[in-house]
Amino acid sequence: MSGRSTQHDTFTIERRFPAAPERVFRAFADLDTKKKWFGCVPDWEVAEHTLDFRIGGREVVRVGPRGGTEHRNDTVYHDIVPNERIVWSYTMRLGDKPISVSLSTVELHGEGTGTRLLFTEQGVYLDGHDGTGERQRGTEDLLTNLERALS
Amino acid sequence: MLNNTRPLDLVFQALSDPTRRVMVERLSRGPISVSDLARPLPMSLPAVMQHLQVLEASGLVRSEKTGRVRVCRIDAKALESAEDWFAGRRASWEQRFDRLGELLAGDDDTPPRARRKT
Chain C
1 MSGRSTQHDT FTIERRFPAA PERVFRAFAD LDTKKKWFGC VPDWEVAEHT LDFRIGGREV
61 VRVGPRGGTE HRNDTVYHDI VPNERIVWSY TMRLGDKPIS VSLSTVELHG EGTGTRLLFT
121 EQGVYLDGHD GTGERQRGTE DLLTNLERAL S
Chain E
1 MLNNTRPLDL VFQALSDPTR RVMVERLSRG PISVSDLARP LPMSLPAVMQ HLQVLEASGL
61 VRSEKTGRVR VCRIDAKALE SAEDWFAGRR ASWEQRFDRL GELLAGDDDT PPRARRKT
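As given, the protein sequences belong to chains C and E, one line each in that order. First residue of the first sequence? That's 1 in the numbering used here, and the numbers climb one at a time after it. First residue of the second sequence? That's 1 in the numbering used here, and the numbers climb one at a time after it.
So that you can see chain C by itself, here it is in the shape it has in the complex (with noise of 0.2 Å):
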């Protein structure tokens, strides 16, 4: 297993929608749609999904394997401008270890009948991802999400 260790990364994702920008924003902003995309593996199960979406509020995710280790993103909205921008921050915890610290950005632009979608993620990935040191396991995750992205 690896030491201490921090890498800091920024990307930035930018997606066309054939939606307006007021139901774009509303994938983010109501819980009940947000739990349609917002999963990470289908597989998992969902032991927590909570959503407090109004500046200050907080939005918790609790996620894993069956009886594998939990995956925890604990969220916190620091600017909301509806229909235009959304900024917040969060941290991923693997069992109690903390991995990543990130702040997102959504920016939405109506272009035509449709949205364009601005992501920028700045973050900070702590001690590597993988503190489990499975090796195996993770070769046979990684194929797993392969076939998947693949498909």
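Source of the hints: derived by calculation from the structure; they are not laboratory data. Hints may be right or wrong, so weigh each one.
[Stated by the list, open to error] Some residues of chain E that are not near chain C, with every Cβ distance over 10 Å (derived):
# : residue
1 : 32
2 : 33
3 : 49
4 : 54
5 : 66
6 : 69
7 : 72
8 : 94
9 : 109
[Stated by the list, open to error] What follows is a set of in silico ranges between Cβ atoms, one per label pair, in the way DEER data are often shown:
#  : chain 1 : residue 1 : chain 2 : residue 2 : range
10 : E       : 67        : C       : 97        : 43 to 51 Å
11 : E       : 98        : C       : 81        : 33 to 41 Å
12 : C       : 22        : E       : 76        : 22 to 30 Å
13 : C       : 57        : E       : 91        : 21 to 29 Å
14 : C       : 7         : E       : 30        : 24 to 32 Å
The C-beta atom is built at its ideal place from N, Cα and C for all residues, glycine as well.
With chain C fixed as given, assemble chain E onto it according to the hints.
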């Protein structure tokens, strides 16, 4: 997160083939000779060698000759870089936005209603 994406392209390309994924799965359990690696595969040894070349070019697998036997092993670093990509936030968000796009392309998202408090 990734300073060097080109080797990762080769890794994903190498893993895009089901036979090579079977080989990687087998190798992830430990080093093995080429002939043992080839035995369960429904193809000729030269065909296996070709797949092995792709895996070696990607950096995922290394092989060395000991006497008359060529032994293959996983190079954990290349695999880790692919794992990091999947474990990384970008992959998670790309996948999420894929699903969001599918959701928004249909009419399956919930109609407007009073915001819930939790």
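Here is what the structure says about each hint:
{"no.": "1", "hint": "32", "verdict": "holds (14 Å)"}
{"no.": "2", "hint": "33", "verdict": "holds (20 Å)"}
{"no.": "3", "hint": "49", "verdict": "holds (22 Å)"}
{"no.": "4", "hint": "54", "verdict": "holds (15 Å)"}
{"no.": "5", "hint": "66", "verdict": "holds (23 Å)"}
{"no.": "6", "hint": "69", "verdict": "holds (24 Å)"}
{"no.": "7", "hint": "72", "verdict": "holds (15 Å)"}
{"no.": "8", "hint": "94", "verdict": "violated (6 Å)"}
{"no.": "9", "hint": "109", "verdict": "violated (5 Å)"}
{"no.": "10", "hint": "E:67 / C:97: 43 to 51 Å", "verdict": "holds (45 Å)"}
{"no.": "11", "hint": "E:98 / C:81: 33 to 41 Å", "verdict": "violated (25 Å)"}
{"no.": "12", "hint": "C:22 / E:76: 22 to 30 Å", "verdict": "violated (47 Å)"}
{"no.": "13", "hint": "C:57 / E:91: 21 to 29 Å", "verdict": "holds (27 Å)"}
{"no.": "14", "hint": "C:7 / E:30: 24 to 32 Å", "verdict": "holds (29 Å)"}
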